[in-house]
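Protein chains: 2
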Amino acid sequence: MEDPILVEVTRGERVESCHRGAFVVCDAQGNMRACAGDAEQAVFPRSAVKALQALPLVETGAADAYGFGPAELALAQASHGGEPAHVALARAMLERCGLTEAALLCGPQWPSHEESMLHLAASGGVPSPLHNNCSGKHAGMLAVAVGCGFDPAGYVEPDHPVQRLVREALERVTDVAHIEGRSGIDGCSLPTYSVPLRALARGFARFGTGAGLSPERAAAAQALFAAATEYPWYVAGTGRFCTLAMQALGGRALVKAGAEGVFCATLPETGLGIALKVDDGATRASEAVIAEILARLVPECAASFDPWRPRQLVNRRLIPTGQVRVIEEAFAGLS
Amino acid sequence: MEDPILVEVTRGERVESCHRGAFVVCDAQGNMRACAGDAEQAVFPRSAVKALQALPLVETGAADAYGFGPAELALAQASHGGEPAHVALARAMLERCGLTEAALLCGPQWPSHEESMLHLAASGGVPSPLHNNCSGKHAGMLAVAVGCGFDPAGYVEPDHPVQRLVREALERVTDVAHIEGRSGIDGCSLPTYSVPLRALARGFARFGTGAGLSPERAAAAQALFAAATEYPWYVAGTGRFCTLAMQALGGRALVKAGAEGVFCATLPETGLGIALKVDDGATRASEAVIAEILARLVPECAASFDPWRPRQLVNRRLIPTGQVRVIEEAFAGLS
Chain R
0 MEDPILVEVT RGERVESCHR GAFVVCDAQG NMRACAGDAE QAVFPRSAVK
50 ALQALPLVET GAADAYGFGP AELALAQASH GGEPAHVALA RAMLERCGLT
100 EAALLCGPQW PSHEESMLHL AASGGVPSPL HNNCSGKHAG MLAVAVGCGF
150 DPAGYVEPDH PVQRLVREAL ERVTDVAHIE GRSGIDGCSL PTYSVPLRAL
200 ARGFARFGTG AGLSPERAAA AQALFAAATE YPWYVAGTGR FCTLAMQALG
250 GRALVKAGAE GVFCATLPET GLGIALKVDD GATRASEAVI AEILARLVPE
300 CAASFDPWRP RQLVNRRLIP TGQVRVIEEA FAGLS
Chain C
0 MEDPILVEVT RGERVESCHR GAFVVCDAQG NMRACAGDAE QAVFPRSAVK
50 ALQALPLVET GAADAYGFGP AELALAQASH GGEPAHVALA RAMLERCGLT
100 EAALLCGPQW PSHEESMLHL AASGGVPSPL HNNCSGKHAG MLAVAVGCGF
150 DPAGYVEPDH PVQRLVREAL ERVTDVAHIE GRSGIDGCSL PTYSVPLRAL
200 ARGFARFGTG AGLSPERAAA AQALFAAATE YPWYVAGTGR FCTLAMQALG
250 GRALVKAGAE GVFCATLPET GLGIALKVDD GATRASEAVI AEILARLVPE
300 CAASFDPWRP RQLVNRRLIP TGQVRVIEEA FAGLS
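Taken in sequence, the protein lines are chains R and C.
Its first residue numbered 0, the first sequence is counted upward by one per residue in numbering that gives the first Met the number 0.
Its first residue numbered 0, the second sequence is counted upward by one per residue in numbering that gives the first Met the number 0.
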């Protein structure tokens, strides 16, 4: 099946580029509220499932053992911008487990937050694994390893006991087997498994509502949801979409981007989960799509998404050049 | 018409993302040697037509008047990386016309060449319009203005005499009217006009061979072609696709990228011009497509394009994660 055009990018009065994709909005039973494109296509959720990957951190008791509160739980499910406070909290999480950044296997990355990157460069610094957008997730996984008495070495490998716990959580919440033939290696070296879009949306509905989860897992999910929505800055950072969206929605939704044009979200009040994938992987398009969905699902907060509906483009002299805008018909089922 | 998938991006054994697009390979009469997708779709060529935009610089005698040799003519058709020697040459071009960077209306931009950007940041510097990837083109246009006795102020405006000269050259070479309804504003504030893909490819065939051009214009095109192929580093920079491709082809082709997934090229020996557009604007895809076309058109240089056929992707620890690869069937007409 061919996914429809969901987003177009204009220059002057003309369409310059366009983006195809698919999205699913459904409840914890998988009943579709709305969709576009191929709802059953398997996609790599990448960082969009970090909240699910963090479940063992709470469930094993490691978070409590090391005194991780909501800020740490937010960072453990973050794709952060490498701003100084992100880096400092990731370092502190490792220290509380008796580890240092030397234990991190996510690799170094320049901060995506431009000011932080330039400041690091201007001070003669170089990026460390703590600056990697995934360092909080990795610190959380290392806490699981140390807390459970596993050897932390090789904690990113699919057969390491930490990854077995993570995989079990992903499988139970999405109800999809996470097997080798569906796996790839993520940018931060962790395994990532492709999952049908509808199963991802259903999984996030479960995560947000607790429906279909054990009481312990539902409680862990609730703690992670509360942490992300209380500390959205730790989930992404200054000026970043996930942070701004969660701030705008005032605790109503967990919203998380993944690389290659993915978003997952859950709105517990409505019982709904959301998953989307832009075919070509473009973030400008995935942000336009999730903004449109969230604005339509939460009309009282819709005005907060005006900067993306449409997003105005300017050039290097700040002269308006065009827009990133959704194809409204594709979202008609949501209004 | 729906453009076909030309490129897919894999992770592990699965396709994670894909890119649709269109390309045309044709001669100076517009006879198609090969194509994919909608050959008649109008696209904004953006920086891919910088060689055509530089024709007035040669034709008006401004290049000669200010002593611009092939290095300056290469920079005048460049999207350069803002490396120190790019910046120095752009500054020198302005000085020879009695101007400074204050005359540039392209706006400031951090160098896209990472090492240069970090060095600038580390030295406490900030980007100037000279670092803008288009500064050479703008310096060339300012040389036209001064050389012709025009007031250089507002040289980026569509009705400025410099832009009238540029537009006339674009119209004659592509044989397409460049009218307001087809125009947009480029990232560097110049006008850009949408042109059907086949007309772009035909225009580059004309540019490379001189067919259909006046003798004066053909000579100017020849000078610009010779400059770009003699000094490909000035057209883009260290590690950049256009530079590497022109080096690999040893003077056989002018190859130029434009923003939003465009490439134009000409191979005078074969009489062919090339134009392509990736629907979603992704550079990783446009580079894969042009690499495949060039490798097939110039088999004796094909090995130089092995790094893109396919391009291997690695993560932050340099672990292989997947590939960017073309859908070979779409290129079958070229082999």
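Note that these hints are calculated values from the structure, not bench results.
Note that this is a predicted model, so its numbers are computed, not measured.
Backbone N, C-alpha and C fix where the C-beta goes; we use that ideal spot for every residue, glycine too.
There's no promise every hint is true.
As the list claims (entries may be wrong) - Some chain R residues flagged as far from chain C (calculated, every beta-carbon gap over 12 Å):
| # | residue |
| --- | --- |
| 1 | MET31 |
| 2 | ALA91 |
| 3 | ASN131 |
| 4 | ASP150 |
| 5 | VAL175 |
| 6 | GLU179 |
| 7 | GLY211 |
| 8 | TYR230 |
| 9 | GLY249 |
| 10 | GLU299 |
To be verified - Using C-beta positions, here's what the derived DEER-type ranges look like:
| # | chain 1 | residue 1 | chain 2 | residue 2 | range |
| --- | --- | --- | --- | --- | --- |
| 11 | R | GLY60 | C | PRO83 | 53 to 63 Å |
| 12 | R | VAL313 | C | ASP150 | 44 to 54 Å |
| 13 | R | VAL313 | C | ARG95 | 40 to 50 Å |
| 14 | C | ARG95 | R | VAL125 | 34 to 44 Å |
| 15 | C | HIS118 | R | THR282 | 37 to 47 Å |
| 16 | R | SER122 | C | PRO214 | 54 to 64 Å |
| 17 | R | ALA331 | C | GLN246 | 46 to 56 Å |
| 18 | C | GLU268 | R | ALA152 | 55 to 65 Å |
| 19 | C | ARG316 | R | ALA331 | 37 to 47 Å |
The hints, checked one at a time:
Under the 12 Å C-beta cut-off, the non-interface status given to R:MET31 relative to chain C holds; the minimum distance is some 24 Å. R:ALA91, annotated as away from the interface, keeps every beta carbon of chain C farther than 12 Å; the closest lies near 22 Å. Distance check on R:ASN131: its Cβ comes as close as 7 Å (rounded) to a Cβ of chain C, failing to clear the 12 Å threshold; non-interface status is violated. Every CB of chain C lies more than 12 Å from the CB of R:ASP150, the least distance being 19 Å, so the non-interface label holds.
The beta carbon of R:VAL175 sits about 14 Å from the closest Cβ of chain C, which is more than 12 Å, so the claim that it is off the interface holds. At roughly 9 Å, the least C-beta separation between R:GLU179 and chain C is not larger than 12 Å, which violates its mark as non-interface. Every C-beta of chain C lies more than 12 Å from that of R:GLY211, the closest at about 27 Å, which supports listing it as non-interface. The Cβ of R:TYR230 sits about 25 Å from the closest Cβ of chain C, beyond the 12 Å cut-off, so the non-interface label holds.
For R:GLY249, the shortest C-beta to C-beta distance to chain C comes to about 33 Å, beyond the 12 Å cut-off, and the non-interface label holds. Every CB of chain C lies more than 12 Å from the CB of R:GLU299, the least distance being 33 Å, so the non-interface label holds. Judged by the Cβ atoms, the range 53 to 63 Å given for R:GLY60 and C:PRO83 holds: they are separated by roughly 55 Å. Hint check: R:VAL313 to C:ASP150, Cβ distance near 26 Å, so the stated range 44 to 54 Å is violated.
Our hint of 40 to 50 Å for R:VAL313 and C:ARG95 is violated, since their Cβ atoms are close to 32 Å apart. Checking the proposed 34 to 44 Å range against C:ARG95 and R:VAL125 shows it holds: the Cβ atoms sit about 39 Å from each other. Taken as a hint, the range 37 to 47 Å is violated for the pair C:HIS118 and R:THR282, whose Cβ atoms sit roughly 28 Å apart. Taking the beta carbon of each, R:SER122 and C:PRO214 are about 58 Å apart, inside 54 to 64 Å as hinted.
For the pair R:ALA331 and C:GLN246, the supplied restraint of 46 to 56 Å holds, since their beta-carbon distance comes to about 51 Å. For C:GLU268 and R:ALA152, the Cβ-Cβ distance of about 57 Å falls inside the hinted range of 55 to 65 Å, so the restraint holds. Evaluation of the 37 to 47 Å hint for C:ARG316 and R:ALA331 yields a pass: the beta carbon distance comes to about 44 Å.
Checked against the numbered hints listed earlier, the structure breaks hints 3, 6, 12, 13 and 15; every other hint is satisfied.
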